[in-house]
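Protein chains in written order, with the working numbering: chain A, 1 to 117; chain B, 1 to 114.
FYI, nobody ran anything at the bench for these hints, they're computed from the structure. Any given hint could turn out to be false.
As the list claims (entries may be wrong) - In the DSS-like style, the derived pairs of lysine-lysine whose C-alpha atoms are separated by at most 30 angstroms in a straight line are:
(1) A:38 <-> A:104
(2) A:16 <-> B:9
(3) A:70 <-> B:14
(4) A:104 <-> B:57
(5) A:16 <-> B:44
(6) A:16 <-> B:57
(7) B:57 <-> A:3
(8) A:38 <-> A:70
(9) B:44 <-> A:3
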Amino acid sequence: AQKVTQAQTEISVVEKEDVTLDCVYETRDTTYYLFWYKQPPSGELVFLIRRNSFDEQNEISGRYSWNFQKSTSSFNFTITASQVVDSAVYFCALSPRRNTGFQKLVFGTGTRLLVSP
Amino acid sequence: NAGVTQTPKFRILKIGQSMTLQCTQDMNHNYMYWYRQDPGMGLKLIYYSVGAGITDKGEVPNGYNVSRSTTEDFPLRLELAAPSQTSVYFCASTDSRQPYNEQFFGPGTRLTVL
Numbered sequence: 001a002q003k004v005t006q007a008q009t010e011i012s013v014v015e016k017e018d019v020t021l022d023c024v025y026e027t028r029d030t031t032y033y034l035f036w037y038k039q040p041p042s043g044e045l046v047f048l049i050r051r052n053s054f055d056e057q058n059e060i061s062g063r064y065s066w067n068f069q070k071s072t073s074s075f076n077f078t079i080t081a082s083q084v085v086d087s088a089v090y091f092c093a094l095s096p097r098r099n100t101g102f103q104k105l106v107f108g109t110g111t112r113l114l115v116s117p
Numbered sequence: 001n002a003g004v005t006q007t008p009k010f011r012i013l014k015i016g017q018s019m020t021l022q023c024t025q026d027m028n029h030n031y032m033y034w035y036r037q038d039p040g041m042g043l044k045l046i047y048y049s050v051g052a053g054i055t056d057k058g059e060v061p062n063g064y065n066v067s068r069s070t071t072e073d074f075p076l077r078l079e080l081a082a083p084s085q086t087s088v089y090f091c092a093s094t095d096s097r098q099p100y101n102e103q104f105f106g107p108g109t110r111l112t113v114l
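Chain A with its partners taken away, still in its complex shape (with noise of 0.2 angstroms):
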């Protein structure tokens, strides 16, 4: 079975502050797929970054960065110098692989950042 846990229910910061959003997965597959979402107050889901169990590579783009550790089972999410425009709920979820290359996302109960000016 898949499991996603986002312990964190909801975080708030201030402008300018980082700050990091926790995902813990469980899993028996040795390929998977980790994924993270954006849902902003629109409602809306927006992809941020897909992950294989095979690239344990740290990934940097802009302002948002990936830390993903196999041996934690962890795919941690940090936003630095956050903005008022950060503010959303963010989703962690997993995708075993399957012969059948189809994707069935498991997700977490997602992290609801405020960032206030």
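On the provided structure of chain A, position chain B as indicated by the hints.
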């Protein structure tokens, strides 16, 4: 490219009524999905389809039905609506040639059953 579109955006149903949530994508994606998102929760998979004529149950299929007669359309049918089906419904699609890339989501349908 409109991407994934969903109609309606909002709907209020009475208990026992039925309705169909529409989902269309114009990206020629074979894989399509229906999710529901309850308040404070992540998305849960209701049904999915790997191509026209092929559908299968996800994690929470009870109370719903789907069909897939074309690549573009994947409607979700609610029969005998119940308050437990109050939720936000998202349709999504992926390209079967790159199945583990991002899912493209529609804007969602907010459904209230009273």
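Satisfaction of hint between residue 44 (chain B) and residue 16 (chain A), Cα-Cα up to 30 angstroms: Given pair residue 16 (chain A), residue 44 (chain B) is violated - Cα atoms ~34 angstroms apart, limit 30 angstroms.
Residue 16 (chain A) paired with residue 9 (chain B) [C-alpha distance capped at 30 angstroms]: violated (35 angstroms)
Satisfaction of hint between residue 14 (chain B) and residue 70 (chain A), Cα-Cα up to 30 angstroms: Since the Cα atoms of residue 70 (chain A) and residue 14 (chain B) sit roughly 48 angstroms apart, the hinted pair is violated (cutoff 30 angstroms).
Restraint check for residue 44 (chain B) with residue 3 (chain A), where alpha carbons must lie at most 30 angstroms apart: Holds. Residue 44 (chain B) to residue 3 (chain A) sits at ~12 angstroms (cutoff 30 angstroms).
Pair hint residue 38 (chain A) and residue 70 (chain A), alpha-carbon separation not exceeding 30 angstroms: Distance ~23 angstroms between residue 38 (chain A) and residue 70 (chain A) Cα, so the pair holds.
Pair hint outcome, residue 38 (chain A) versus residue 104 (chain A) [Cα-Cα no greater than 30 angstroms]: Roughly 18 angstroms between the alpha carbons, so the hint for residue 38 (chain A) and residue 104 (chain A) holds.
Given hint residue 3 (chain A) paired with residue 57 (chain B) - CA-CA distance at most 30 angstroms: Answer holds: residue 57 (chain B) to residue 3 (chain A) is near 19 angstroms, not above 30 angstroms.
Pairwise hint evaluation, residue 57 (chain B) against residue 104 (chain A), where the allowed Cα distance is 30 angstroms at most: holds (11 angstroms)
Residue 16 (chain A) paired with residue 57 (chain B) [C-alpha distance capped at 30 angstroms]: Measuring from Cα to Cα gives roughly 44 angstroms; hence the hint is violated.
Comparing the model with each numbered hint stated earlier shows that hints 2, 3, 5, 6 do not hold.
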